[in-house]
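Asker: Next come the chains, spelled out residue by residue.
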Amino acid sequence: MAILEITDVSAGYGAGPDILQGLSLEVEEAQSYCIIGPNGAGKSTLLKVIAGLLHPRSGDVVFRGESLAHRRPDQVLATGVCFVPQDQALFPEMSVRENLIMGAYLLKDRALIKERLARVYEMFPILAERAGQDAGKMSGGQQQMLAMGRALMIDPILLMLDEPTLGLAPQIAQQIFSQVEQLKSMGLTVVIIEQNAQRGLELADWGVVLDLGIVRFEGPSEGILGDPRVRELYLGKAAGSGEKK
Amino acid sequence: MTNVIQVAILGLLLGGVYALMAAGLTLAFGVMRIVNLAHAAFIIASAYISFFAFDKLGIDPLLSVVFVMPIMFFFGIAVYQALFRRIEGSAKFGEMTVLLTFGIAIMVEGLLGFVFTGIYRKAQPGYANESFIVDGLFLPEGDILFIPKGQFFASLLSIVLLVGLWAFLRYSQTGYAIRATTQNRAAAEIVGVNVRRVSAISFGLSTALAGASGALMSYLFPFFPFRHWQWVAVLLALVVLGGMGSMKGAVIGALVLGVASSFVVDQIGPTWGPMTFYLALFLILLIRPQGLFGKEVPV
Amino acid sequence: MIEDRAAMGPEDSAPEPTPEEVQRPPGPARYRWYVLAAVVVALLALPLFRPMISSYNYVLTLGALILMWVAMSSSWNILGGYAGYISLGHSVFMGVGGYVAGVLLYYHGISPFLTALLGGLAAVALGFLAGFITLRTRGPAFIISTIALLFMFLLMTDNFEYLGGAAGLPLPPLEVPQEWLRVPFYYAMLFIAFGAVWTSYRVAHSKFGMGLRAISEDETKAEVAGVPTRLYKISAFAMSAFWVGVAGGIYGYSIAFIRPTVFFTIAISAQMVLMAIIGGKGTVAGPVLGAVLIYAINEFSLVVFGATEFNIVIQGTILVAVLLFFPLGVVGTLRKMNRLPAFLNWD
Ligand SMILES: Nc1ncnc2c1ncn2[C@@H]1O[C@H](COP(=O)(O)OP(=O)(O)OP(=O)(O)O)[C@@H](O)[C@H]1O
Ligand SMILES: [Mg+2]
Numbered sequence: 000m001a002i003l004e005i006t007d008v009s010a011g012y013g014a015g016p017d018i019l020q021g022l023s024l025e026v027e028e029a030q031s032y033c034i035i036g037p038n039g040a041g042k043s044t045l046l047k048v049i050a051g052l053l054h055p056r057s058g059d060v061v062f063r064g065e066s067l068a069h070r071r072p073d074q075v076l077a078t079g080v081c082f083v084p085q086d087q088a089l090f091p092e093m094s095v096r097e098n099l100i101m102g103a104y105l106l107k108d109r110a111l112i113k114e115r116l117a118r119v120y121e122m123f124p125i126l127a128e129r130a131g132q133d134a135g136k137m138s139g140g141q142q143q144m145l146a147m148g149r150a151l152m153i154d155p156i157l158l159m160l161d162e163p164t165l166g167l168a169p170q171i172a173q174q175i176f177s178q179v180e181q182l183k184s185m186g187l188t189v190v191i192i193e194q195n196a197q198r199g200l201e202l203a204d205w206g207v208v209l210d211l212g213i214v215r216f217e218g219p220s221e222g223i224l225g226d227p228r229v230r231e232l233y234l235g236k237a238a239g240s241g242e243k244k
Numbered sequence: 000m001t002n003v004i005q006v007a008i009l010g011l012l013l014g015g016v017y018a019l020m021a022a023g024l025t026l027a028f029g030v031m032r033i034v035n036l037a038h039a040a041f042i043i044a045s046a047y048i049s050f051f052a053f054d055k056l057g058i059d060p061l062l063s064v065v066f067v068m069p070i071m072f073f074f075g076i077a078v079y080q081a082l083f084r085r086i087e088g089s090a091k092f093g094e095m096t097v098l099l100t101f102g103i104a105i106m107v108e109g110l111l112g113f114v115f116t117g118i119y120r121k122a123q124p125g126y127a128n129e130s131f132i133v134d135g136l137f138l139p140e141g142d143i144l145f146i147p148k149g150q151f152f153a154s155l156l157s158i159v160l161l162v163g164l165w166a167f168l169r170y171s172q173t174g175y176a177i178r179a180t181t182q183n184r185a186a187a188e189i190v191g192v193n194v195r196r197v198s199a200i201s202f203g204l205s206t207a208l209a210g211a212s213g214a215l216m217s218y219l220f221p222f223f224p225f226r227h228w229q230w231v232a233v234l235l236a237l238v239v240l241g242g243m244g245s246m247k248g249a250v251i252g253a254l255v256l257g258v259a260s261s262f263v264v265d266q267i268g269p270t271w272g273p274m275t276f277y278l279a280l281f282l283i284l285l286i287r288p289q290g291l292f293g294k295e296v297p298v
Numbered sequence: 000m001i002e003d004r005a006a007m008g009p010e011d012s013a014p015e016p017t018p019e020e021v022q023r024p025p026g027p028a029r030y031r032w033y034v035l036a037a038v039v040v041a042l043l044a045l046p047l048f049r050p051m052i053s054s055y056n057y058v059l060t061l062g063a064l065i066l067m068w069v070a071m072s073s074s075w076n077i078l079g080g081y082a083g084y085i086s087l088g089h090s091v092f093m094g095v096g097g098y099v100a101g102v103l104l105y106y107h108g109i110s111p112f113l114t115a116l117l118g119g120l121a122a123v124a125l126g127f128l129a130g131f132i133t134l135r136t137r138g139p140a141f142i143i144s145t146i147a148l149l150f151m152f153l154l155m156t157d158n159f160e161y162l163g164g165a166a167g168l169p170l171p172p173l174e175v176p177q178e179w180l181r182v183p184f185y186y187a188m189l190f191i192a193f194g195a196v197w198t199s200y201r202v203a204h205s206k207f208g209m210g211l212r213a214i215s216e217d218e219t220k221a222e223v224a225g226v227p228t229r230l231y232k233i234s235a236f237a238m239s240a241f242w243v244g245v246a247g248g249i250y251g252y253s254i255a256f257i258r259p260t261v262f263f264t265i266a267i268s269a270q271m272v273l274m275a276i277i278g279g280k281g282t283v284a285g286p287v288l289g290a291v292l293i294y295a296i297n298e299f300s301l302v303v304f305g306a307t308e309f310n311i312v313i314q315g316t317i318l319v320a321v322l323l324f325f326p327l328g329v330v331g332t333l334r335k336m337n338r339l340p341a342f343l344n345w346d
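Protein chains in written order, with numbering that gives the first Met the number 0: chain A, 0 to 244; chain B, 0 to 298; chain C, 0 to 346.
These aren't lab readings, by the way, just hints derived from the structure by calculation. Don't take every hint at face value.
Stated by the list, open to error - Below, in silico cross-link-like pairs of lysine-lysine (DSBU-like), each with a Cα-Cα straight-line distance of 30 Å or less: (1) LYS220(C) with LYS206(C); (2) LYS136(A) with LYS107(A); (3) LYS247(B) with LYS136(A); (4) LYS183(A) with LYS107(A); (5) LYS335(C) with LYS206(C); (6) LYS136(A) with LYS220(C).
Let the sequences and hints guide you as you build the complete structure.
Answerer: Next up, the structure:
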């Protein structure tokens with residue numbers, strides 16, 4: 000059964016045009032999804048709508064039977080949907096530890112927070128090493144790990160990552176990918192936007208191609224990867240190398 | 000030598016009060032990017048409350064913070080809800096806040112003038128004209144230092160409030176949320192901070208600090224409605240000097256300029272005291288536009 | 000809410016389309032010139048109708064003041080409207096003009112009708128200097144520095160004996176029969192208002208003006224697009240000082256004294272800002288209309304409520320209300336609704 004159902008969602012910024020134009024998508028529990036598509040297709044916008052940062056103009060977003068369409072971001076988060084945005088997700092003048100604690104802002108139980116903190120440190124040992132350092136002073140890769148680690152503090156059901164490997168060196172990106180693998184294996188539902196379509200689709204169970212504010216294609220990742228139309232239109236020359244920048 | 004110490008002490012005492020005044024201003028800027036040109040007008044409005052509480056009811060101005068702060072806290076929240084929420088997310092928000100608070104300042108000034116007229120006021124509690132006298136210690140034979148009681152108590156209260164504010168921001172859940180919103184509003188929203196609520200509370204805190212500052216002003220500095228422009232110019236100079244939005248910067252800026260202006264007054268004359276602030280402002284803009292502890296040019 | 004704050008820092012918020020980009024009403028563009036000509040002729044001819052105006056001097060004084068405000072808010076608009084750099088200390092330039100002309104009259108007996116332009120140039124010089132320093136910042140920090148500039152001058156004039164200190168200097172009155180006394184001032188202010196509005200119009204229609212508007216929309220983009228932003232901003236600051244300075248020179252003479260609190264007070268700057276905003280900042284006609292409107296409201300509230308602080312409250316309330324509900328001002332709002340009469344459309 001789908002835990003997230005997006006039906007006919009239109010959304011845009013301010014008085015601007017619709018960026019999402021009647022988009023529909025279903026997300027199954029414990030599956031992973033990779034969203035690809037050209038720049039400006041509306042990928043980030045879609046995640047913002049789900050996260051409650053941007054309200055849809057029409058249509059609905061239903062998570063586990065509850066509509067999220069008109070909820071505040073904190074209310075969405077409380078239902079178990081967590082978003083890691085494309086960039087600048089951290090509190091630069093707070094320490095790594097404080098950033099993680101902020102991730103559990105909605106929780107009241109101190110013991111639980113401690114426990115989660117230990118779990119995140121275990122997953123990302125580098126964060127434990129740097130616990131006292133200001134988040135703003137860490138490298139790009141470390142910051143990304145911190146952003147992911149912080150998202151895990153709330154123990155989300157659905158985790159959405161917007162281009163987590165953007166601008167990272169290949170080995171670092173590889174590390175991030177393997178962390179995502181690990182999250183998948185823990186039973187989390189993951190939605191990831193990835194510029195490196197090849198790599199992203201290899202990681203995910205399901206591929207979603209977004210263009211001009213609607214879902215153009217979707218299907219099992221191998222299918223999407225192999226689909227000649229997708230290859231031609233969206234993977235382009237990147238199909239072989241996996242690079243699409 | 001004794002004179003230098005004396006002047007420095009007076010400057011520090013003054014700086015302590017300035018720090019409290021500037022803290023509220025910088026808090027509103029830090030969290031909401033609101034440059035509150037009405038901050039000094041709020042201070043003066045609060046000074047009237049404390050003044051009349053003393054004059055009519057005999058309540059000590061220092062004690063009056065107990066009710067002036069809550070009054071101003073809720074007043075601030077009301078102002079925030081009524082005015083600032085409307086312009087949230089509008090293009091050129093920073094500029095809008097300046098103009099809006101400019102209008103609010105004019106309104107408050109006019110209302111105060113209308114109700115209380117333009118005459119000078121100053122509460123006169125017993126300690127306002129008394130001093131502690133320090134002698135002996137390390138001082139040369141026969142030299143003494145004066146520590147005006149009024150200023151001393153004011154600085155003490157200011158320190159207590161600032162430490163309280165610091166602890167609140169540092170350790171409380173809401174404090175975390177306020178700091179998070181200051182550093183990265185979008186990220187705060189993502190981790191589940193209700194940024195509107197936090198903004199309203201921060202603005203309330205900021206005006207509550209204006210309230211406490213007003214209580215102190217009621218007996219430290221003669222005031223009348225129009226005075227707030229001079230004050231806001233001084234406070235803004237402090238805040239820009241320290242780096243807009245930086246609490247640490249505001250406090251250090253206040254202490255440094257408090258001492259500096261105290262020396263200017265001593266050496267050149269009392270009318271030139273405020274010049275210290277304006278010159279410091281221009282100097283800092285020339286050398287380091289983002290201020291001592293600011294990170295970027297605020298836009 | 001609705002806004003996407005995740006990706007929107009204060010800098011990269013998408014710029015609203017300026018009024019200029021909005022479709023212009025196709026109205027009869029010709030007739031606005033007739034309206035303008037009629038207004039000009041009426042203003043020029045007004046003093047000739049002495050027998051028909053009951054309180055002649057009062058009317059001319061009022062006319063001169065309105066014209067002065069037209070000039071000052073139009074000048075303010077060059078920096079605050081076109082370039083988007085709000086100055087809350089613009090009356091400093093009025094004061095500089097007033098003091099230059101006043102001092103030359105007091106100590107050397109030279110008529111301000113000759114030296115007011117010099118006062119304007121002094122204001123320009125100050126504009127350059129101040130702009131050089133303050134325009135290193137933008138937004139709030141800039142605004143604050145303009146307030147500080149104003150207070151610095153208040154403090155200095157307050158304390159310089161040569162300038163008469165806080166009491167100021169009395170100026171010898173113009174030697175003209177009492178019944179004609181207001182006429183020269185009226186024509187001087189009319190000249191100044193023409194000059195200022197003409198300057199504003201020319202700037203609005205120049206490459207320089209386009210550059211300023213680009214700066215106002217997005218300074219970084221303007222810079223990338225090759226606009227010499229720093230030069231333009233400083234020039235705009237200096238240019239917006241000129242007519243304010245000239246007006247100050249004439250104004251001091253017309254009230255027969257100069258004094259710090261006449262010029263270096265934020266209330267005067269506030270008026271310029273208020274007029275430009277209520278009329279429509281960034282438009283040519285807005286500040287003119289705003290000056291007339293605000294002046295009318297002021298006079299009205301003085302008559303109704305007496306000379307109380309109450310009209311200050313009214314002004315503050317108007318400013319807040321306009322900002323919240325019609326941030327584009329009268330001209331901007333009408334244009335957005337496609338209802339702007341052609342005679343107000345000079346952009
Ligand atoms: N805050 C905003 N305000 C206005 N328009 C925006 C905003 N953010 C994005 N847009 C517009 O929405 C459209 C889609 O943007 P979005 O960020 O969703 O694209 P994307 O698919 O994530 O692209 P990319 O691969 O570049 O990240 C773009 O045309 C963009 O200009
Ligand atoms: Mg994106």
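Asker: Going through the earlier hints one by one, which of them does the structure break, listed in rising order?
Answerer: Checked against the structure, no hint fails, so every one of them is satisfied.
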